[in-house]
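Q: Sequence:
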Amino acid sequence: MFFTKINAPYAGLVIIAGKPGAVLPPGIHFVMPFITTIRRVSTALHTQEVDVDVITRGGTPTAIKVGYTARVVDVKSALINVENAFATLRASVISVVSGAANSYTIDQLAQNKNEISEAAQAELLGLSEKHGWGLGDFQVAVGDPSLSEELKKLLMREESVRRESAANLEKARHQIEVAQQLVAVAKELEGNPFAQELLRMQVLADMGTGGKVIVIDSQNDAARGPLAQQMMASTA
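Its first residue numbered 2, the sequence shown is counted upward by one per residue in my numbering.
Because the hints were derived from the structure by calculation, they are not lab data.
Every residue, glycine too, gets a C-beta built ideally from N, C-alpha and C.
It is possible that part of the hints are untrue.
Unchecked claim - List time: in silico PhoX-like cross-link candidates among lysine-lysine, alpha-carbon distance up to 25 Å:
| # | residue 1 | residue 2 |
| --- | --- | --- |
| 1 | K154 | K114 |
| 2 | K77 | K6 |
| 3 | K114 | K20 |
| 4 | K77 | K131 |
| 5 | K20 | K6 |
| 6 | K66 | K20 |
Said to hold, decoys possible - Using C-beta positions, here's what the derived DEER-type ranges look like:
| # | residue 1 | residue 2 | range |
| --- | --- | --- | --- |
| 7 | N103 | E189 | 56 to 64 Å |
| 8 | A180 | E116 | 43 to 51 Å |
| 9 | K131 | R58 | 21 to 29 Å |
| 10 | Q49 | V24 | 34 to 42 Å |
| 11 | Q140 | N85 | 38 to 46 Å |
| 12 | N103 | E130 | 51 to 59 Å |
| 13 | A173 | G137 | 56 to 64 Å |
| 14 | I95 | T5 | 33 to 41 Å |
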């Protein structure tokens with residue numbers, strides 16, 4: 002027998018003649034010589050940060066910074082089932098976050114960071130349990146999308162086009178309303194010669210023709226007599 006020492010926060014897995022055995026907590030342990038080896042792994046909280054490339058739902062490429070933490074909760078699984086549990090975790094974080102984020106537009110990414118983080122945590126936990134990574138206590142924090150200068154210019158152009166389209170749409174709506182009002186006026190004028198004549202003279206006045214404008218009812222014989230006399234007097 003010989004003894005081995007395992008310092009916290011590490012734990013050890015006994016390998017006897019190539020076969021995994023007991024898990025050793027921190028402390029001094031006696032093991033069989035020659036046929037026994039000890040594989041060690043830290044059970045401390047592992048923290049890392051990674052940049053994740055994302056193609057948004059609108060087709061805009063961007064990158065988001067993702068911080069994540071996890072720890073070994075099953076020493077035997079972490080040492081036996083995967084070659085490097087945290088390297089596997091890193092690759093999975095990139096894949097999972099990218100997949101969760103690309104269903105949002107560039108504008109929605111910053112607004113839905115918590116939702117993306119929670120979805121990534123749940124998926125990573127499921128993957129660890131399914132494939133035996135031996136990892137747990139997952140925490141994922143998704144940052145704001147980073148914008149390159151080219152992307153900023155692209156977004157500014159898109160915003161300019163959007164505003165111009167909105168202005169054109171509002172202008173078109175106003176023109177439709179004016180046209181509808183004109184149609185209503187035309188219906189009112191139809192069959193009303195006096196109103197038609199009044200509108201014609203109003204248009205002439207608005208055009209700056211000047212002079213004196215006299216409005217009479219063209220269908221009223223009593224009104225036409227005095228008007229004719231007035232016109233003859235003015236031309237004499």
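Q: Tell me, which hint numbers fail for this structure?
A: 3, 6, 10, 11 and 12
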